[in-house]
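The hints should help you fit chain B onto chain A, whose structure is shown.
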Amino acid sequence: MSPINKVRAFRTFSTSLFLSPMLSVGQQPTFLSGIVRVSLSSFFGGGAEQSKNAPKQMIVLEWLFLTIAPCDAAEPWQLGSQDAATPMMQGIIDLHHDIFFFLILILVFVLWILVRALWHFHYQKNPIPQRIVHGTTIEILRTIFPSIIPMFIAIPSFALLYSMDEVVVDPAITIKAIGHQWYRTYEYSDYNSSDEQSLTFDSYTIPEDDLELGQSRLLEVDNRVVVPAKTHLRIIVTSADVPHSWAVPSSGVKCDAVPGRLNQISILVQREGVYYGQCSEICGTNHAFMRAPGNIGRLLSPLWLSRTTRGASHPRSKLLQRAAGAVGSRGARQ
Amino acid sequence: MADEPQLLLETAPADFRFPTTNQTRHCFTRYIEFHRCLAAKGEESNACERFAKYYRALCPGEWVDRWNEQRENGTFPGPL
Numbered sequence: 001m002s003p004i005n006k007v008r009a010f011r012t013f014s015t016s017l018f019l020s021p022m023l024s025v026g027q028q029p030t031f032l033s034g035i036v037r038v039s040l041s042s043f044f045g046g047g048a049e050q051s052k053n054a055p056k057q058m059i060v061l062e063w064l065f066l067t068i069a070p071c072d073a074a075e076p077w078q079l080g081s082q083d084a085a086t087p088m089m090q091g092i093i094d095l096h097h098d099i100f101f102f103l104i105l106i107l108v109f110v111l112w113i114l115v116r117a118l119w120h121f122h123y124q125k126n127p128i129p130q131r132i133v134h135g136t137t138i139e140i141l142r143t144i145f146p147s148i149i150p151m152f153i154a155i156p157s158f159a160l161l162y163s164m165d166e167v168v169v170d171p172a173i174t175i176k177a178i179g180h181q182w183y184r185t186y187e188y189s190d191y192n193s194s195d196e197q198s199l200t201f202d203s204y205t206i207p208e209d210d211l212e213l214g215q216s217r218l219l220e221v222d223n224r225v226v227v228p229a230k231t232h233l234r235i236i237v238t239s240a241d242v243p244h245s246w247a248v249p250s251s252g253v254k255c256d257a258v259p260g261r262l263n264q265i266s267i268l269v270q271r272e273g274v275y276y277g278q279c280s281e282i283c284g285t286n287h288a289f290m291r292a293p294g295n296i297g298r299l300l301s302p303l304w305l306s307r308t309t310r311g312a313s314h315p316r317s318k319l320l321q322r323a324a325g326a327v328g329s330r331g332a333r334q
Numbered sequence: 001m002a003d004e005p006q007l008l009l010e011t012a013p014a015d016f017r018f019p020t021t022n023q024t025r026h027c028f029t030r031y032i033e034f035h036r037c038l039a040a041k042g043e044e045s046n047a048c049e050r051f052a053k054y055y056r057a058l059c060p061g062e063w064v065d066r067w068n069e070q071r072e073n074g075t076f077p078g079p080l
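Protein chains in written order, with full-length UniProt numbering: chain A, 1 to 334; chain B, 1 to 80.
Bound conformation, chain A alone (with noise of 0.2 Å):
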């Protein structure tokens, strides 16, 4: 095993041990109100309302077997990043940790060398120190290795860049991100058959004191954005008056929207689940509170689509509403 996955053997066997005891519970993860006491609560079987019907056994099953809880949005104390939810976040993911190979060789190695002078060259240790100012080999030594170094960096970075932008195959889904001060407008317009039907929603931040127990404060919003697992989407960004920047971590994507330009990202989600995205361009007066534009997908898979998208020539279908939350409330939540 690679010290590089070991690391990552160590950090999924980590998030396991601290996630398992909050899906057990058979609720979605409740980030907010802490990891500590949700797993304490759970694990000795007190106080908390959600630990009424999570049997015993789940707990130790999972704590025995290490279920794997993916983090798709942001815990208290987090160090990393969130976990992988499409090949290019694994892409930035593995570039972190190649780089932090070099970066971390070469940090013991200056330390070393530092610690090696102060030591030896000590004033008292070695009082007549000798006079050399020259010596070519390790001249000629310690230009050309830093500078082979960053090369070896460079090469996999601008790999990983480069494919970013890359639109391999032909996306089967085209979903419009559009941002405003201070939510987003979502727009799904491949099944329209005039320039009128488009089926469009708003997306709006939940304020602080409306949200429920379990809702993550400032990443939850009322209108979450739906799409299928498993399937290449295209994602066109842009905005309706100031620049914004449309970002879902898990996702690695984060891409500026600017008022006259699309832009374009395209993604494949690898796994169902709920992921969030805060806007990552100052926006003005609202763009870190309430009314930051927060990104939710809640990505299911194909056979969704598949019953949902055969509904959606009809723009106003129950299903696409149910699925997406409530179609259409336009100014509903300030």
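Among these hints, one or two may not hold up.
[Unchecked claim] Computed Cβ-Cβ distance ranges for the label pairs, DEER-style: (1) P13/B x E139/A: 53 to 61 Å; (2) S45/B x P150/A: 54 to 62 Å; (3) Q270/A x R36/B: 34 to 42 Å; (4) L8/B x F100/A: 41 to 49 Å; (5) T285/A x R36/B: 42 to 50 Å; (6) Y162/A x S45/B: 38 to 46 Å.
Source of the hints: derived by calculation from the structure; they are not laboratory data. The C-beta atom is built at its ideal place from N, Cα and C for all residues, glycine as well.
Chain B only, in chain A's frame:
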């Protein structure tokens, strides 16, 4: 399941003329292509529906509305 109609997943394909992240021209070109096609083949022709589908998939509704308005007023900036 057997009698369910066949589902065709389709949206505007990747276009080699617009290989970059910026798809603004892609949307605009498809819109123009549709209206040029209509002008060439006549309003009743179904041959242009393809282009209509493409520009509807790519362009924000607001943009299409504005362009439609501009075409009616004769102020559309593109070559139609």
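Against the structure, the hints:
One distance hint, 53 to 61 Å for the beta-carbon pair P13/B and E139/A, holds here, with the actual separation near 56 Å. For the pair S45/B and P150/A, the beta carbons lie near 58 Å from each other, so the given range of 54 to 62 Å is met. The hinted window of 34 to 42 Å between Q270/A and R36/B holds, with their beta carbons roughly 40 Å apart. For the pair L8/B and F100/A, the beta carbons lie near 45 Å from each other, so the given range of 41 to 49 Å is met.
One distance hint, 42 to 50 Å for the beta-carbon pair T285/A and R36/B, holds here, with the actual separation near 44 Å. The given range of 38 to 46 Å is respected by Y162/A and S45/B, whose C-beta atoms sit roughly 40 Å from each other.
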